[in-house]
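Novice: Following the hints, put chain B in place on chain A, whose structure we already have.
Here are the chains, one letter per residue:
Number of protein chains: 2
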Amino acid sequence: MACCPKSIIEDVLKKHDKITHVYFVACGGSYAGLYPAKYFLQSEAKDLIIGHYSSNEFCHATPKALGKDSIVITQSFSGTTPETVRAAGIAQEVGAASIAVTFDAESPLAKNADHVVTYGTTKEANDNGHAKALWLAVEILNQIEGYAHYDAFMASYEKYNEIVPVAKEKFAPTAKAWAEKYGEEKLIYVMGSGPNYGVTYSYAICLLQEMQWIHSSAIHSGEYFHGPFEITDKDVPFIMMMSTGRTRALDQRALDFLHRFGEKIMVLDNEEMGLNALDSNVAEFFNQIFTAALLDMFYMDLCEVRKHPRPTRRYMWKLKY
Amino acid sequence: MACCPKSIIEDVLKKHDKITHVYFVACGGSYAGLYPAKYFLQSEAKDLIIGHYSSNEFCHATPKALGKDSIVITQSFSGTTPETVRAAGIAQEVGAASIAVTFDAESPLAKNADHVVTYGTTKEANDNGHAKALWLAVEILNQIEGYAHYDAFMASYEKYNEIVPVAKEKFAPTAKAWAEKYGEEKLIYVMGSGPNYGVTYSYAICLLQEMQWIHSSAIHSGEYFHGPFEITDKDVPFIMMMSTGRTRALDQRALDFLHRFGEKIMVLDNEEMGLNALDSNVAEFFNQIFTAALLDMFYMDLCEVRKHPRPTRRYMWKLKY
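Residue numbers (my numbering), protein chains in the order written: chain A, 359 to 679; chain B, 359 to 679.
Bound-form chain A, shown alone (with noise of 0.2 Å):
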């Protein structure tokens, strides 16, 4: 049943007598969509073995240490995705905690969960796939370790819905000139870094490279002096997501050097947006869930700019793959 993260982990934890390991299993989308989830858990907790998978991967490669002391996370929207419900049911036969994090409830997904957190099913900001695994995963992290800033948290995550229409209304310009003067172009790299990183990726493979079928790349901030920064020209167009919080710095030294070489440059900056009104014990947690929502207003500017509208696809839904 459909239910919120933190009677699901306590039901979770009167099932099984110990959990000692967590898995993100995803694709694409919501691959990336896990992503905050997975950086808090690595980041902060001490004694937990945590997994980051494509789906197809880790239901061919299943690591040896699945089993019944596992909790493995699963996301999907349509809850259809089949490497996915595959991926679940995994976890099911083996006797971990199999928990879906999906928009229908009564999905072939949430079918192989023992728990479903939905999303997607209300107008609120912080109703979305990254925003409730990463309440899963503080959840899993107070009640295993404990969590000094668990009230902190809890607190920012009704907050974060106020900040983010104040955002968007002050990034709109922006986004709009931005997307005007540069939205015909065949190639728009993406950098962000820590918290941030996994909008990084799905912004160019999601949003430009499967929506809008600009070739694109993830850059990671603090990777693009050992490789990328080479391709860097004023005529090449990058989106610098800033990051609030401990990797900051790496997004800065990107962009320095950016400002230096490059022209076509769009800054979504989240310390400018505003993302520093939550508490700054956990504002970091928020950087990718608020930067995906700031960026989607942007792409809506590209759809209109190109006039190509956002579910044009030439492969998907068309044929058998």
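Keep in mind that the hints were calculated from the coordinates and are not lab data. Some hints here could point you the wrong way.
In this list, chains with the same sequence are indistinguishable; a pair is considered to hold if it fits within one copy or across any two.
Claimed, not checked - Pairs of lysine to aspartate or glutamate, DMTMM-like flavour, derived with a Cα cap of 25 Å:
(1) Lys678 <-> Glu621
(2) Lys534 <-> Glu520
(3) Lys676 <-> Asp375
(4) Lys364 <-> Asp593
(5) Lys676 <-> Glu621
(6) Lys622 <-> Glu543
(7) Lys376 <-> Asp593
(8) Lys422 <-> Asp637
(9) Lys665 <-> Asp591
(10) Lys678 <-> Asp593
All values derive from a computational prediction rather than experimental measurement.
Specialist: Structure of chain B alone, referenced to chain A:
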């Protein structure tokens, strides 16, 4: 001092009550060089906690769990990458075992390490960063949890040297022909999965973006159908890395699609090139090392066709950043 993986891990386990966490930390090509080791442990270990970080992210957002029960394995050919040198230093400061994989046993990185594994000092095919880090990972698993295929791995590690020259001769005509035909392309995608994903990444960011200024992105074969496949077209070049082992099915599915809608495709098939001469229980873990050796040859063809020698840079070594 520079030494061999087996005795290094024996020594670490003498000096530390227990080892629960293993972190792999490096930048760019070396970050990718640690991938087979990380993939092996994440797949095979039952209780070890594994992390894989770009160095500056590790330095700025250091995981809370890092401490005296941790091993930190860093890698840098020159041993001078500042972020990686600092990461090894952080490891030492908190009492973790700091192991450096580097060409230069006297480098700054080596000075921040308790143990050093050198590579690139001989002409042997297995004397490279990917292979040495993997060997360390195998020693860690075998000495801490036990590894059923340890002897098979060590035998394959030696046998690997015999299969590489044969494979190079076999792959040479394909590589040369493709470089001559498509060497002037401005964008080339690289695709692979599972044990091969590290080299997919490094080929895109180091060999293509950094050294040839060709736009590129690494695509995971399992993620291809969840975004990137929409940019497939007869004009878009792809290098497809076919692995042997459990995730080959993912690569095959992607390749089948590429053959339907793409034309400029180079396939490097590790099974066809003879990787299966290694023991079937461990061959999979050699995919990346093998792929990298063969693609390096292709890269030299590319340098020739493009009249763009390997050490050509526009920013690196030329300015401060």
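Novice: If a hint holds in the structure, say so; if it doesn't, say that too.
Specialist: Verification of the hints:
1. Lys678 <-> Glu621: Answer is between: at 19 Å across copies they meet the 25 Å cutoff, but 41 Å inside does not.
2. Lys534 <-> Glu520: Only inside one copy: Lys534 and Glu520 sit 23 Å apart there, 58 Å across copies, limit 25 Å.
3. Lys676 <-> Asp375: For Lys676 and Asp375, the Cα distance exceeds 25 Å both inside one copy (46 Å) and across copies (58 Å).
4. Lys364 <-> Asp593: Neither way: Lys364 and Asp593 sit 49 Å apart in one copy and 50 Å across, limit 25 Å.
5. Lys676 <-> Glu621: The answer is between: 20 Å across copies meets 25 Å, while 38 Å in one copy does not.
6. Lys622 <-> Glu543: both (10 Å within a copy, 22 Å between copies)
7. Lys376 <-> Asp593: neither (54 Å within a copy, 53 Å between copies)
8. Lys422 <-> Asp637: between (39 Å within a copy, 19 Å between copies)
9. Lys665 <-> Asp591: So Lys665 and Asp591 pass the 25 Å test across copies only (20 Å; inside, 27 Å).
10. Lys678 <-> Asp593: between (38 Å within a copy, 22 Å between copies)
Comparing the model with each numbered hint stated earlier shows that hints 3, 4 and 7 do not hold.
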